[in-house]
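Given the coordinates of chain A, assemble chain B onto it according to the supplied hints.
2 protein chains.
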Amino acid sequence: MTQNIYDNPEFFEGYSRLGRSIEGLDGAAEWPALKALLPELRGLRVVDLGCGFGWFCRWARQQSAAAVLGIDLSQKMLARARATTTDAAITYLKADIASVELPRAAFDLAYSSLALHYVEDLGELLAKVHGALIPGGHLIFSVEHPIFTAPTQPGWSVGVSGKKTWPVDSYLCEGPRRTDWLAKGVIKQHRTMATYVNLLLRLGFTPWHIEEWGPTDDQIAARPALEDERQRPMFLLVSARR
Amino acid sequence: MTQNIYDNPEFFEGYSRLGRSIEGLDGAAEWPALKALLPELRGLRVVDLGCGFGWFCRWARQQSAAAVLGIDLSQKMLARARATTTDAAITYLKADIASVELPRAAFDLAYSSLALHYVEDLGELLAKVHGALIPGGHLIFSVEHPIFTAPTQPGWSVGVSGKKTWPVDSYLCEGPRRTDWLAKGVIKQHRTMATYVNLLLRLGFTPWHIEEWGPTDDQIAARPALEDERQRPMFLLVSARR
Numbered sequence: 001m002t003q004n005i006y007d008n009p010e011f012f013e014g015y016s017r018l019g020r021s022i023e024g025l026d027g028a029a030e031w032p033a034l035k036a037l038l039p040e041l042r043g044l045r046v047v048d049l050g051c052g053f054g055w056f057c058r059w060a061r062q063q064s065a066a067a068v069l070g071i072d073l074s075q076k077m078l079a080r081a082r083a084t085t086t087d088a089a090i091t092y093l094k095a096d097i098a099s100v101e102l103p104r105a106a107f108d109l110a111y112s113s114l115a116l117h118y119v120e121d122l123g124e125l126l127a128k129v130h131g132a133l134i135p136g137g138h139l140i141f142s143v144e145h146p147i148f149t150a151p152t153q154p155g156w157s158v159g160v161s162g163k164k165t166w167p168v169d170s171y172l173c174e175g176p177r178r179t180d181w182l183a184k185g186v187i188k189q190h191r192t193m194a195t196y197v198n199l200l201l202r203l204g205f206t207p208w209h210i211e212e213w214g215p216t217d218d219q220i221a222a223r224p225a226l227e228d229e230r231q232r233p234m235f236l237l238v239s240a241r242r
Numbered sequence: 001m002t003q004n005i006y007d008n009p010e011f012f013e014g015y016s017r018l019g020r021s022i023e024g025l026d027g028a029a030e031w032p033a034l035k036a037l038l039p040e041l042r043g044l045r046v047v048d049l050g051c052g053f054g055w056f057c058r059w060a061r062q063q064s065a066a067a068v069l070g071i072d073l074s075q076k077m078l079a080r081a082r083a084t085t086t087d088a089a090i091t092y093l094k095a096d097i098a099s100v101e102l103p104r105a106a107f108d109l110a111y112s113s114l115a116l117h118y119v120e121d122l123g124e125l126l127a128k129v130h131g132a133l134i135p136g137g138h139l140i141f142s143v144e145h146p147i148f149t150a151p152t153q154p155g156w157s158v159g160v161s162g163k164k165t166w167p168v169d170s171y172l173c174e175g176p177r178r179t180d181w182l183a184k185g186v187i188k189q190h191r192t193m194a195t196y197v198n199l200l201l202r203l204g205f206t207p208w209h210i211e212e213w214g215p216t217d218d219q220i221a222a223r224p225a226l227e228d229e230r231q232r233p234m235f236l237l238v239s240a241r242r
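Protein sequences, first through last, are from chains A and B.
When we follow this note's numbering, the leftmost residue of the first sequence carries the number 1, and every step to the right adds one.
When we follow this note's numbering, the leftmost residue of the second sequence carries the number 1, and every step to the right adds one.
Repeated chains share a single entry, so a pair holds when one copy, or any two copies, can fit it.
List time: in silico DSSO-like cross-link candidates among lysine-lysine, alpha-carbon distance up to 30 Å:
#1 K188 - K94
#2 K188 - K35
#3 K128 - K35
#4 K163 - K184
#5 K128 - K94
If you're looking for bench data, these hints aren't it; they were derived computationally from the structure.
If you're wondering where the values come from, they're calculated on a predicted model, not measured in any experiment.
Excised from the complex, chain A in its bound form (with noise of 0.2 Å):
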C-alpha cells in the first residue's frame, strides 16, 4: 500500500503553500514540457493517476475532454480538488493508483504528474493502465528523475569555487527512499531509467518519447535559481502510446 503522506498535516500544509499549489499548471516549472506532449484533448476520456487538488483535470475540462476521473489517496487534497468544481463530467474518486481497479479500454489518455514514484510496483499498475486504455491512447506521465531518486542522502554539494553538484549513490539499488521533504519520512521508490523504459517495452507501449526535464533560458532569466536545475535533472516526462 502506497505511504498517504500527503494526509500528514505537516506535509499537507507545506505541499499547500507550494507555487504549484497555489497557483495550479502554471506554477510548475515543468509544466510547459509536459503539456508539449499532450495529445489534443478535445472529447478524450481522461484519467489523472494522483490527481491532487484537481488541477489538471479541471484544465483538461477547460480544453474540453469529455469526461475527466481524478483519482488520488488525499482525502485532504481531493476535498479541496471537490470544492473547487460543480462540473458533473469530473469525478473525483479517493483511492490507492496502486490498488485501484480501473474499467478496459475506457481511456483515451492517461495521465500523471509526479505520482508513479510513489507506487511500489509500477509494473503492475503500468499493466493495469495498458488494459484501461483504448488501442492508440496515450499515456503522458512526470516522475521523479532517477539521478534526482537515487542518493541515500540526496542534496547539492557546494564546492569551494560555488559549484554545485549532484552526489549520486547507489543508483542501480533499486527500492524505497526515506527522505525528509516538507516532512519526516517521506517514502518514494527509486527506479533506474532502464526500469522506466524496459517495463514500457516489455508491456507493449510503443512510439513515444523521453525527456529529462530542464528549465528555458526565459525560465532562468525569470527565476535565476533555476539554473542549478540543469546540473541534473529533477523531472523524468514519458509520452507512450498503447
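Using the frame of chain A, we list chain B on its own:
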C-alpha cells in the same frame, strides 16, 4: 572529425595494459551483459563500429558470422588486429566511423563497443547505420553512461563515512568533455539518456532494451572493487532493431 586518441603513444600504451586489451572480451566486465543482447550470429553480416584490436570481429566469426567488417580510426589498433587473424571473412578498414560511407542494407548486425561517445554527431551516424542495416537488422551498442560522462570534473567523492558518491553536474549541458584518462585531453561527447533514446525512436529503430550496466553478485565476489559500479552506472547498453 573524431579525435584519434588511440594513436597517441601514451594513451595506446595505457590502453594496451587494460584487462580488456590483454584478455579480450572476457576482460571487460560488461561483456556478459552485452553478449546477452546479441542475436544468434550464425550467417549474419556484421559491422563493428570502432573495432579496436578486433576481439569482437574474431569472436563473431567463431560464432559463424558470415562476414565481419571492422572499422577503426586507430592505425596502431588495426595493425594489431590484422596481425591476429588470417580469416578472409574479416575485413579491417581504417576510417572514422563518423564520416565513413557504409553500403545500404548490407548488414544484419551493427555492433559498437564504447566508441559512439567519441562521435560528435550521433544522429548522423545512427541514420547511416539505419540505412546500412537490412529491415529487422540489429543494432547493439555500449557507450559510457550519461551519468558517467556528464561531470565537468569526473571522479568519486569520498565522504567521512568512507561512502563513495559520484558528483554530477552539467548533466543537461550536452557536448564535449575533456578528461584525463590514460592520456591528457581525451575528448568524449556527453549526451543525455533522453538523447540516446529519442534519437533511436526518431530514426525508426523499434522494440529494444536498454541496460544501465552494473556488476552481478558473482562479479563483485570475484572482484570486490566492482561494488563501486553500483553507485552509478559506467556503461549504457542498448539493443534496437531497424
